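Whenever a hint applies, use it, and build me the whole structure from the sequences.
Listed here are the chains, written in short residue letters.
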Amino acid sequence: MNLTTSIIGIAAYLILAPIAGGLLAGIDRKISARMQGRFGPPILQPFYDFFKLLEKEPITVNRVQDFYVMCFFIFIVITGCLFFAGGDLLLIIFSLTLASIFLVIAAFSSNSPYAQIGAERELLQMMAYEPMVLITAVGFYILNGSFNISDIVSSQVMGIQYLPGIFIGFVYILTIKLRKSPFDLSMSHHGHQELVKGLTTEFSGKTMAVIEIAHWYENIFLLGFVYLFFANSLAWSPVLAVVVCLATYFLEILIDNSYARMKWQFAINASWIVAITFGFVNLLVLYFIS
Amino acid sequence: MSYVTKSPWIIHYDGSSCNGCDIEVLACLTPMYDVERFGIINTGNPKHADIFLVTGSVNEQNITVVKLIYEQMPEPKVVVAIGICATSGGIFKECYNIMGGIDTVIPVDVYVPGCAARPEAIIDGVVKGLGVLAEKRAAMDQKPAVAAEVKEKEEA
Ligand code: SF4
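Residue numbers (my numbering), protein chains in the order written: chain A, 1228 to 1517; chain B, 80 to 235.
Honestly, the hints are just simulated from the structure, not real lab data. Owing to the predicted nature of the structure, the values given are computational and were not obtained by experimental measurement. Every residue gets a Cβ at the ideal spot worked out from N, C-alpha and C, and that includes glycine. You can take every hint at face value.
Within a straight-line C-alpha distance of at most 25 Å, the following computed DSS-like cross-link-like pairs (lysine-lysine) qualify:
| id | chain 1 | residue 1 | chain 2 | residue 2 |
| --- | --- | --- | --- | --- |
| 1 | A | Lys1433 | B | Lys215 |
| 2 | A | Lys1257 | B | Lys85 |
| 3 | A | Lys1433 | B | Lys85 |
| 4 | A | Lys1433 | B | Lys146 |
Reference listing, derived: stretches of chain A covered by chain B, where coverage requires no fewer than 3 residues with Cβ under 8 Å from a Cβ of chain B:
| id | stretch |
| --- | --- |
| 5 | 1265-1276 |
| 6 | 1284-1295 |
| 7 | 1430-1442 |
Listed below in structure tokens is the structure:
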């Protein structure tokens, strides 16, 4: 990928990701409502919520909190930009981790017990999904001999053919990353939960709006990961990849609506077991055939 | 147009209700009535809420709780008193520990009478509250100076 395509990638991500992310959230809520036998909110509801939050009176627990939330937002956007500019997969994974850490610090800084337990659970969740994310990166490296996204999407082979186990493992931890039940321990998009609103309990108004839009950016970027498994140099592969992305998101909604929330112990055990059985075994096989 | 009327988030608090009105409030969320059609979400968090639904009257022990929830909600905010207990004290009015309706502690914008208030009436009350919410939002734009003054006074 040369400079111009990188710049186009970044510009498209910056402008389109919040729109696509918001629409996705709206469709998500509509489909969830239909699955529960309800009519559901309008598709544009997440945007209404977002602008409503901007209109509210700003209340912050302390000044440093807003700073950390802004850092979270900026690093999420940077992560996505690196990804869509065809950057280095390892760098992307670690800048995503950094962004999540900023959100955790922001929650911790508020000194509220709900936010702190939420933040602690967020850290546990990161422990749960991090190994599988790294295995994914290693898998792509062994397959393509490069960590660069631009090399991965222009390679001759299609990732899924050699990395089916890693794909399953990644979709599994995607449930954690997208904050879907049964793994929405630290913060849930559903109305009521036992931690009030967990991680975001102490954020309101504009701060909350920033977190919302950061999540939209993040979700699109995460689906980009799914895209990677199907994209290669063939012309029709992007179409297939996008279809698979949407199908994966639908699967996540289905899982979200059919499982009750699990304990964090289960989240960690289950995702590590999946990482070892599907991810690691896939890596071993890959190692022997290549 | 103000977006606050399109996405009113609710916090529901049970004062000393007999639980009749609470059940009716929760019934509004079921597929039968589904208030999420209007973007209404039942959050458990005062800091995210726009509308404060209170059922039951205020008693000596929960005065501070009601006040705290009200104060933690960012402006613009609206209080809706659900049921005759929340409106005036209802059948518990004469009890030794009951203060009376919610308006003895915090300002109430909409009263929804009934024992128990029907879900239709509750939805009507919330929709009426939306009008008040929009007015309050407009007032915030008009007099930011006044709001700042009030805040200074509060802080002093
Ligand atoms: S108004 Fe009636 S149903 Fe509602 S809390 Fe009071 S006694 Fe119970």
